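Protein chains: 2
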Amino acid sequence: MTGSRPLVILFHSDASDPRWPDAIQRALPDFEMRRTLDGVPPEDVAAAVVWKHPPGLLEPLTNLKLIQVLGAGVDHFLADTRLPKGVPIARLVDPGLTARMSEYVLMHTLALHRRLPESARAQRDGRWDFIHPQPPERTCVGILGLGELGQACAAALSGIGFRVLGWSRSRRSGMAFETYAGEVERSAFLRQCDILVLLLPLTAQTRDIVDARFFDEIRPGAALINVGRGALVDDAALVAALDEDRLRHAVLDVFRQEPLPPEHPFWTHPAITVTPHNSSATNPDTAMAQVTENIRRAVSGQTPLHLVDPAAGY
Amino acid sequence: MTGSRPLVILFHSDASDPRWPDAIQRALPDFEMRRTLDGVPPEDVAAAVVWKHPPGLLEPLTNLKLIQVLGAGVDHFLADTRLPKGVPIARLVDPGLTARMSEYVLMHTLALHRRLPESARAQRDGRWDFIHPQPPERTCVGILGLGELGQACAAALSGIGFRVLGWSRSRRSGMAFETYAGEVERSAFLRQCDILVLLLPLTAQTRDIVDARFFDEIRPGAALINVGRGALVDDAALVAALDEDRLRHAVLDVFRQEPLPPEHPFWTHPAITVTPHNSSATNPDTAMAQVTENIRRAVSGQTPLHLVDPAAGY
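These protein sequences, in sequence, are chains D and F.
Sequential numbering from 288 applies to the first sequence in the numbering used here.
Sequential numbering from 288 applies to the second sequence in the numbering used here.
It should be emphasised that the hints constitute simulated quantities derived from the structure, not laboratory data.
There's no promise every hint is true.
[Said to hold, decoys possible] Partial pick of chain F residues on the chain D-facing surface, computed with a CB cut under 10 Å:
no., residue
1, Ala-302
2, Arg-387
3, Glu-390
4, Leu-397
5, Ala-398
6, Ala-407
7, Phe-417
8, Ala-568
9, Thr-573
Predicted, not measured: the structure shown is a model, and the values here were computed from it.
Glycine residues also receive a C-beta, built at the ideal position from the N, C-alpha and C atoms.
Construct all of the structure, not just a fragment, from the sequences and the given hints.
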């Protein structure tokens, strides 16, 4: 605090719900909500609420107590090499974001399980191809990435009867389903799964993890849903796996470059479903509570919720 | 029973799981399972298990104690004017059939709610059209037909957060959601629903119920899922409603003529999803228990389960 001036919350996002700034100001009337640093003494800024900020934006903020990232994935954020040192960084754990993600994954898992892409092709060809409806118990879904979102998707899929397995780089305990960990257990996991759901954080270790070798290890004819990050997947290896029928279909919501460039082959590939990174989104109605709580905690010296470990990258 | 000859179970279906006859014989070893009446004294047949039988097939069976229809919808069956009089007729209430139907309706309701048909069109055009993901609570789903299947779909949809309303011709009580009944309450029901799910039995009263007047009463831009019977819908009125944007999209699993004829306009309409009557199917693994139980009940003088009222038509 500098004299009697109110503490400032800096908001920066180029892609979030437009209701955010007003919602924050209403929830925290003792603070001053600002959308730029113009005319703001940098030492007055106590908290920054950001999504896809320009690198270096936060560097001058010497009294910053909290950086609240407005999303679950923090890879873009951590790519900024000029972050102020020692300031707690929190990801958003938004029940709305988690629920929308579970619904998307459930919907596309059911669609792959019930062969809707094949059914759509049959319709285009005017073919009445009866495919016998199978119970979800016959389909094994593998979740890669067992954070908040992975666990919620696993619960939704198990709830409807799918067999669910999980994989993560480091061992996770206490899951209600069978889990595998690390390189050494990856192929035992992959060869059991009919549908793979990518929900890994993007880090130096997971970049391009879905490559030609990965597709050699999967169950032939498996399908893929990528709701993690585009750069988890080697685009050329994905197209090759589809063209060689090792992979049956891919549902992609995230891409190396977004919007997906017009000339990209994913747009027109018959075995790829493209959605415009709308599997989920944060929503002030459900996420505001964590943002408010975290700012109050940070300025009163308590530990904020859902802190990021910058060394691990997530 | 005629002398010491075993009682006969007649099985006739042109479209069911091929495992049925053997499964029935294994479950009821005291009976003789026959697939035709060739060489069978008609008075020996105690039970008939049928799906889409030729009219008149059952007329000579003077000692018949039960007709077990191998499905939930009995309209095709009751169209036979030469059924033996006074023989109990049972529909199949198969937990597997019910579960597959719920999964199909949940999947397509989510797809309509999350605007997947619009997303597929954007992909075909190479357009990155961000559509903000909405919570299911914002979408009202109306179920027309509140039998076993309608109730199960309502439970699955409510479970994930959709607002669910129900409509049936006669008043149903004891539902866990708001219900409307009859002609007089139909338009109050229709004008609230964003997605309509047709699960009505096909009777003289419901034939062509979804006609031009129906589409005048719906909420503009609503979507339709027909998993009941093709003849519930006036095909031309449906196409007109889509072409005039009163109806946003239709997911059709059932048709007046099946397979859907190659020249039918539904195949190529951009706002129609055609699936080949595979929303659900009976499965001996889950349905055998009811068939066995019903045959035992019928021959021992007990009332079979899930009896059909031929006068009501369902």
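Each hint, compared with the structure:
no. : hint    : in the structure
1   : Ala-302 : holds, 9 Å
2   : Arg-387 : holds, 5 Å
3   : Glu-390 : holds, 6 Å
4   : Leu-397 : holds, 4 Å
5   : Ala-398 : holds, 6 Å
6   : Ala-407 : holds, 8 Å
7   : Phe-417 : holds, 5 Å
8   : Ala-568 : holds, 6 Å
9   : Thr-573 : holds, 8 Å
Hint check: no violations occur; every hint is consistent with the structure.
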